[in-house]
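Protein chains: 2
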Amino acid sequence: MGWGDLGVFGEPSKETPNLDQMAAEGMLFLDFYTASPLCSPSRAALLTGRLPVRNGFYTTNAHARNAYTPQDIVGGIPDSELLLPELLKKAGYINKIIGKWHLGQRPRFHPLRHGFHQWLGSPNCHFGPYDNRERPNIPLFRDWHMLGRYYEDFQIDLKTGESNLTQLYLQEALDFISKQQASQQPFFLYWAIDATHAPVYASKQFLGTSQRGLYGDAVREIDDSVGRILKHLKQLGISENTFVFFTSDNGAALISAPRQGGSNGPFLCGKQTTFEGGMREPAIAWWPGHIPAGGVSHQLGSVMDLFSTSLSLAGLQPPSDRQIDGIDLLPVMLQGKLIDRPIFYYRGNELMAVRAGLYKAHYWTWSNSWEEQSKGIDFCPGQSVSGVTTHTQEEHTKLPLLFHLGRDPGEKYPLSFASEEYQQAMEHISALVQQHKATLVPGEPQLNVCDQAVMNWSPPGCEKLGKCLKAPESDPKKCSWPH
Amino acid sequence: MGWGDLGVFGEPSKETPNLDQMAAEGMLFLDFYTASPLCSPSRAALLTGRLPVRNGFYTTNAHARNAYTPQDIVGGIPDSELLLPELLKKAGYINKIIGKWHLGQRPRFHPLRHGFHQWLGSPNCHFGPYDNRERPNIPLFRDWHMLGRYYEDFQIDLKTGESNLTQLYLQEALDFISKQQASQQPFFLYWAIDATHAPVYASKQFLGTSQRGLYGDAVREIDDSVGRILKHLKQLGISENTFVFFTSDNGAALISAPRQGGSNGPFLCGKQTTFEGGMREPAIAWWPGHIPAGGVSHQLGSVMDLFSTSLSLAGLQPPSDRQIDGIDLLPVMLQGKLIDRPIFYYRGNELMAVRAGLYKAHYWTWSNSWEEQSKGIDFCPGQSVSGVTTHTQEEHTKLPLLFHLGRDPGEKYPLSFASEEYQQAMEHISALVQQHKATLVPGEPQLNVCDQAVMNWSPPGCEKLGKCLKAPESDPKKCSWPH
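Order-wise, the sequence lines are chains A and B. Residue numbers 2 to 484, in the numbering used here, belong to the letters of the first sequence in order. Residue numbers 2 to 484, in the numbering used here, belong to the letters of the second sequence in order.
FYI, nobody ran anything at the bench for these hints, they're computed from the structure. Check the hints yourself; a few may be wrong.
Same chains, same label: a pair holds when it works inside one copy or across any pair of copies.
Said to hold, decoys possible - The list that follows gives simulated cross-link-like pairs (lysine-lysine, DSS-like), each with its CA atoms no further than 27 Å apart: (1) K232 <-> K180; (2) K235 <-> K180; (3) K376 <-> K413; (4) K399 <-> K438; (5) K160 <-> K376.
Make the full structure from the sequences, and use the hints.
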């Protein structure tokens, strides 16, 4: 989902009354970022509070290569990483993930081995259908065991776009919240729905209800679901004791537009890029009675801050034996403070850009390769800024391209290198970058090696369902991704 | 000002709390259009309820040529046109225009000859400074007489962007409203401020207050002023008896961006074009106690509807002896109705595009000429949609380019000509166009001829001020505009 997909962020159909209302009752973050323009690394950063380059969710197979965890990925979230639920567990929280995990699919990477108590969802995206010979259909798990597979037991009709998965995930969320409230145990719910990821789907009751087509139907169902969850919290009388945050893991995937892709509002390009359209996210914090209603913040925020903020809410300290990139946003949300901090835009293993205040410096520019362009893959459809949305990787480390995101949120007008404004801003940003690079200890890259043998052939529970498939022989090789 | 310039429409700096609040207390129109992507014709349409091609505010000097009223324009609003204030006058309204008139500057076109009782403002844009030999500085009028000239008596500091004009216009508005309330006389105030038109200006107290630079400062001052006007109405106890509408006369001028140009949000291109960025406008209706607070409408609306709606509010009927393009929006605002009607997008004398429902068909495409492009004039900076943002005038009358503005508000993905969806939508739109063209009686074009002798050399009142200049000899010729 992109920054521009919510009514409150200016989507022209304005079809998200519940999220808009959530913003009216809570705080809207206008300058909130993911830690990567792609799903797996973004989610790893959210749960560890650390940049993907630190927690290992990147590849060195190619320079500035975005990578995720396909079915045949060998790596995953390292045991050495401390995930938010692992820490919350110590404070007595019951942790549940509903939806897409995406931090590795081999047994050692199972979410219940990394702090979660419960899971309903899948290790990978809902791509498919597959033939179960070359490639198995993706399993859906309840806790340790698979419940079935997408396209077999959990339908997604690619023709109509119909699937009731979001309803399944919603009901599971409501039930979990009810049970936790009844048992008086604090809980952490990571509600990681994926209906807006291609192939986009929605339940029958939402199909055809949006001006925006199927993608809009999916957004509407998510909006409705968030509304129900918030209402449920209110009805249970725990809304003033429950912190809720809504955001997305990367910008809208414009390669899937218009039928399967969303909107990044006035920003440049989309998912996969380190332009604003790839990494600035819709973000709303909600905590009635604590966060003032109708608040608006220009705090530079990051999904990694949800790690530190959640720990703070639970009365915990972040681990002190490692670099944490997230910051505690409570002073921002509760006292309206603004904390000075930069945003680092990585693409794979490369620091592409840095934002400090309203300035953003690009050290590398790249949209997508000419080769991809010729195949119709375009991360910036209809947009072309000379020297900025480049189709080759262009290095600007000696003389970064600088934009003022207040005057120019669309990154169309690089500042003159000769201007005093450029000199002053770059002096500040250069120091930040130098410091960042000097202290950076990259993690072991997890997304380099793929092996057909590790795919979801026989997940635990397959015997009972008669759904075990025979794995082929191990054949490790460098991962490659369609784009 | 563009659709994307208000926080409520997704401007990332969200710096328009008063206009956002106006929307929260009133009704937001998401699909509201001007009648021309340029100022003079748009304003002529607003005040006559008629398309510029009918009321004469167009040129035939070149095909699809946008035209406005520069200082040397010979034409203006024809006497045969009935303006909103002329009609309201009959119902006892006192009518005032504050700000830019732009419907002609020769004495016969004076606003007080066309229904207004009072005027503080100027006949032209605040371009300048001029040398008063080749070209006189633009006068500012109070009613029949000039008060002085821009850059001489009414300062605009082009270096700092400072000018107190908006404050002057605000105070005049507040005073007028107070007086009208005191005298218990109904009033029509046309508050036509122009601070966001290049050269952009703001008062000292607003300079440097926006994240967006000078343009943002100007928007903030306008936002603050609207807030003051609404507050004034409330304090006087007449808010429930006063209908207020906020909109703009064309999309943001992207040729002036980033320092002097605004945002059209997710839409394509800007001012001068018939893409959405050129003609979709921010629009908010406010009438406490009548228009439900927090309303949102997808009614296809037009500035011309303000003519018909205002007449309806005054209990008047629109003239029956001519085609009126505006419709009465009261059923939309008071009862939430949706009225089926098309939107016609003209550029000069050519019908470029038509919107019906969510479909928009382009009969002609054009951004700006290659010649202009080579001079750095670009109506679509950073945007380029193959076959759509064309640099030559491309005719598609036989096979229009069709877009679905719900799925594709950015006009990036023309529908396949072969699709059933295309066939069905075009069948409907073709009928609308045929009917429109069959009954269209173009007015006498007013914007063809320019003459240096008619410039603001010696406006009434110049004697008293010692500011009369000697007019050169008459030398009528075809008007030309810088772009």
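To see whether the hints hold, each was checked on the structure:
Proximity of K232 and K180 under a CA criterion of 27 Å is satisfied intra-copy only: 16 Å inside one chain copy versus 49 Å between copies. When the C-alpha separation of K235 and K180 is checked against a cutoff of 27 Å, the pair qualifies only within one copy, where the shortest distance is 15 Å, while the shortest distance between copies is 49 Å. Proximity of K376 and K413 under a CA criterion of 27 Å is satisfied in both settings, with 26 Å inside one chain copy and 18 Å between copies. For the homomeric pair K399 and K438, the shortest alpha-carbon distance inside one copy (15 Å) is at most 27 Å, but the shortest distance between copies (59 Å) is not.
Taking identical chains as interchangeable, the C-alpha atoms of K160 and K376 lie at most 27 Å apart only when both belong to the same chain, with a minimum of 23 Å there against 49 Å between chains.
Hint compliance for this structure: every hint is met.
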